[in-house]
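Novice: Take a look at the letters that make up each chain.
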Amino acid sequence: DSGVTQTPKHLITATGQRVTLRCSPRSGDLSVYWYQQSLDQGLQFLIQYYNGEERAKGNILERFSAQQFPDLHSELNLSSLELGDSALYFCASSVTGDGAQYFGPGTRLLVL
Amino acid sequence: SQQGEEDPQALSIQEGENATMNCSYKTSINNLQWYRQNSGRGLVHLILIRSNEREKHSGRLRVTLDTSKKSSSLLITASRAADTASYFCATDAQGNNRLAFGKGNQVVVIP
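The listed protein sequences derive, respectively, from chains A and B.
Sequential numbering of the first sequence, starting at -5, is according to the numbering used here.
Sequential numbering of the second sequence, starting at 531, is according to the numbering used here.
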């Protein structure tokens, strides 16, 4: 168990809908990262937050947004969903400067 | 953005044998990390090697890094059935922890 929790574990929704994925980092970790894993694209970095502030952006679509709250949990919002958004979404956390990232179990999103 | 590329893509070995997988990358890096993923589950950090290091050990794992060739290898010695998983290398190019992952190596250890 990495100490990173993600909810929900599974999510099935329809095209055009909006969903929110939630992540709680390990105790004491200030950085949160979001990744998308799909068969065709592999593991792609989406976005990073550090202590509530956006730190880096990767291959994140404009339809997607995220935030990190004062208690350090983070949410990833996916809107106007398309079939191609079906994927595993992982959250990871780290102690800045440590290097190693600790991944949650992921949320499996299926868009029908 | 750069990405690691593991080679070979799939490996099937007998329990007790060693498993070696390679990773190459395109630009200079701050560090390179290896992760393991069991089917459909979260990634587990295995080992991190910094750009000024050439070799690192952790239990049955041995990682080498050749920055001149922009490549790394992961060796798992005396493999066990529980080592069956996908193994990913990931590079941190700018020291900002933004990782670029390779496509992964599927390793199957036959009991």
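Take the hints with a grain of salt, since some may be wrong.
What the hints assert, rightly or not - Simulated DEER-style distance windows between Cβ atoms:
id: 1; chain 1: B; residue 1: Leu605; chain 2: A; residue 2: Gly(-3); range: 24 to 30 angstroms
id: 2; chain 1: B; residue 1: Arg590; chain 2: A; residue 2: Arg12; range: 22 to 28 angstroms
id: 3; chain 1: B; residue 1: Thr557; chain 2: A; residue 2: Val89; range: 40 to 46 angstroms
id: 4; chain 1: B; residue 1: Glu547; chain 2: A; residue 2: Asn71; range: 44 to 50 angstroms
id: 5; chain 1: A; residue 1: Gly22; chain 2: B; residue 2: Arg580; range: 31 to 37 angstroms
id: 6; chain 1: B; residue 1: Glu547; chain 2: A; residue 2: Ser73; range: 26 to 32 angstroms
id: 7; chain 1: A; residue 1: Thr9; chain 2: B; residue 2: Arg580; range: 42 to 48 angstroms
id: 8; chain 1: A; residue 1: Asn71; chain 2: B; residue 2: Ile640; range: 42 to 48 angstroms
id: 9; chain 1: A; residue 1: Gly(-3); chain 2: B; residue 2: Gly625; range: 22 to 28 angstroms
id: 10; chain 1: A; residue 1: Arg102; chain 2: B; residue 2: Leu591; range: 25 to 31 angstroms
As the list claims (entries may be wrong) - With a cut-off of at most 20 angstroms between alpha-carbon atoms, the simulated EDC-like pairs for lysine to aspartate or glutamate come out as follows:
id: 11; chain 1: B; residue 1: Lys633; chain 2: A; residue 2: Asp34
id: 12; chain 1: B; residue 1: Lys600; chain 2: B; residue 2: Glu583
id: 13; chain 1: A; residue 1: Lys51; chain 2: B; residue 2: Asp622
id: 14; chain 1: A; residue 1: Lys3; chain 2: A; residue 2: Glu47
id: 15; chain 1: B; residue 1: Lys586; chain 2: B; residue 2: Glu545
id: 16; chain 1: B; residue 1: Lys556; chain 2: B; residue 2: Glu583
Unchecked claim - Some chain A residues flagged as far from chain B (calculated, every beta-carbon gap over 10 angstroms):
id: 17; residue: Thr1
id: 18; residue: Leu5
id: 19; residue: Arg12
id: 20; residue: Val13
id: 21; residue: Arg16
id: 22; residue: Ser21
id: 23; residue: Asn45
id: 24; residue: Asp65
id: 25; residue: Asn71
id: 26; residue: Ser74
id: 27; residue: Leu106
If you're looking for bench data, these hints aren't it; they were derived computationally from the structure.
Note that the Cβ used here is the ideal one computed from N, Cα and C, for glycine as well.
Novice: Evaluate each hint against the coordinates.
Specialist: Outcome of the hint check:
The given range of 24 to 30 angstroms is respected by leucine 605 (chain B) and glycine -3 (chain A), whose C-beta atoms sit roughly 28 angstroms from each other. The hinted window of 22 to 28 angstroms between arginine 590 (chain B) and arginine 12 (chain A) is violated, with their beta carbons roughly 45 angstroms apart. Between threonine 557 (chain B) and valine 89 (chain A) the Cβ separation comes to about 25 angstroms, which falls outside the hinted range of 40 to 46 angstroms. Hint check: glutamate 547 (chain B) to asparagine 71 (chain A), Cβ distance near 46 angstroms, so the stated range 44 to 50 angstroms holds.
For the pair glycine 22 (chain A) and arginine 580 (chain B), the supplied restraint of 31 to 37 angstroms is violated, since their beta-carbon distance comes to about 23 angstroms. One distance hint, 26 to 32 angstroms for the beta-carbon pair glutamate 547 (chain B) and serine 73 (chain A), is violated here, with the actual separation near 48 angstroms. Separated by about 44 angstroms at the C-beta atoms, threonine 9 (chain A) and arginine 580 (chain B) satisfy the suggested range of 42 to 48 angstroms. The hint said 42 to 48 angstroms for the Cβ distance between asparagine 71 (chain A) and isoleucine 640 (chain B), and at roughly 44 angstroms that hint holds.
In this structure the supplied range 22 to 28 angstroms holds for glycine -3 (chain A) paired with glycine 625 (chain B), their Cβ-Cβ distance being about 24 angstroms. Separated by about 29 angstroms at the C-beta atoms, arginine 102 (chain A) and leucine 591 (chain B) satisfy the suggested range of 25 to 31 angstroms. Of the pairs offered as hints, the one joining lysine 633 (chain B) and aspartate 34 (chain A) holds, with about 10 angstroms between alpha carbons and a cut-off of 20 angstroms not exceeded. Straight-line distance between C-alpha atoms of lysine 600 (chain B) and glutamate 583 (chain B) comes to about 13 angstroms, which keeps the hinted pair within the 20 angstroms bound.
The suggested pairing of lysine 51 (chain A) with aspartate 622 (chain B) holds, with an alpha-carbon distance near 14 angstroms, which does not exceed 20 angstroms. At roughly 26 angstroms between alpha-carbon atoms, lysine 3 (chain A) and glutamate 47 (chain A) are farther apart than 20 angstroms, so this suggested pair is violated. The hinted pair formed by lysine 586 (chain B) and glutamate 545 (chain B) fails the criterion: a straight-line CA distance of about 23 angstroms is larger than 20 angstroms. Only pairs whose Cα atoms come within 20 angstroms are accepted, and lysine 556 (chain B) paired with glutamate 583 (chain B) is accepted, the gap being roughly 18 angstroms.
Every beta carbon of chain B lies more than 10 angstroms from that of threonine 1 (chain A), the smallest distance being close to 13 angstroms; the non-interface claim holds. Its beta-carbon lying about 14 angstroms from the closest one in chain B, leucine 5 (chain A) satisfies the requirement of being farther than 10 angstroms from that chain. A cut-off of 10 angstroms between C-beta atoms confirms that arginine 12 (chain A) is not in contact with chain B; the least separation is 24 angstroms. The Cβ of valine 13 (chain A) sits about 19 angstroms from the closest Cβ of chain B, beyond the 10 angstroms cut-off, so the non-interface label holds.
Consistency note on arginine 16 (chain A): stated as away from chain B, and its beta-carbon is indeed over 10 angstroms from all of that chain's, at 15 angstroms minimum. In this structure serine 21 (chain A) is separated from chain B by more than 10 angstroms, as the shortest Cβ-Cβ distance comes to about 17 angstroms. Annotated as non-interface, asparagine 45 (chain A) keeps its C-beta farther than 10 angstroms from every C-beta of chain B; the closest such distance is 14 angstroms. Look at aspartate 65 (chain A): its CB is around 21 angstroms from the nearest CB on chain B, clear of 10 angstroms, so calling it non-interface holds up.
With a cut of 10 angstroms on Cβ distances, asparagine 71 (chain A) stays outside the contact zone with chain B, its closest approach being about 20 angstroms. In this structure serine 74 (chain A) is separated from chain B by more than 10 angstroms, as the shortest Cβ-Cβ distance comes to about 25 angstroms. No beta-carbon of chain B is positioned within 10 angstroms of the beta-carbon of leucine 106 (chain A); the least distance is around 19 angstroms.
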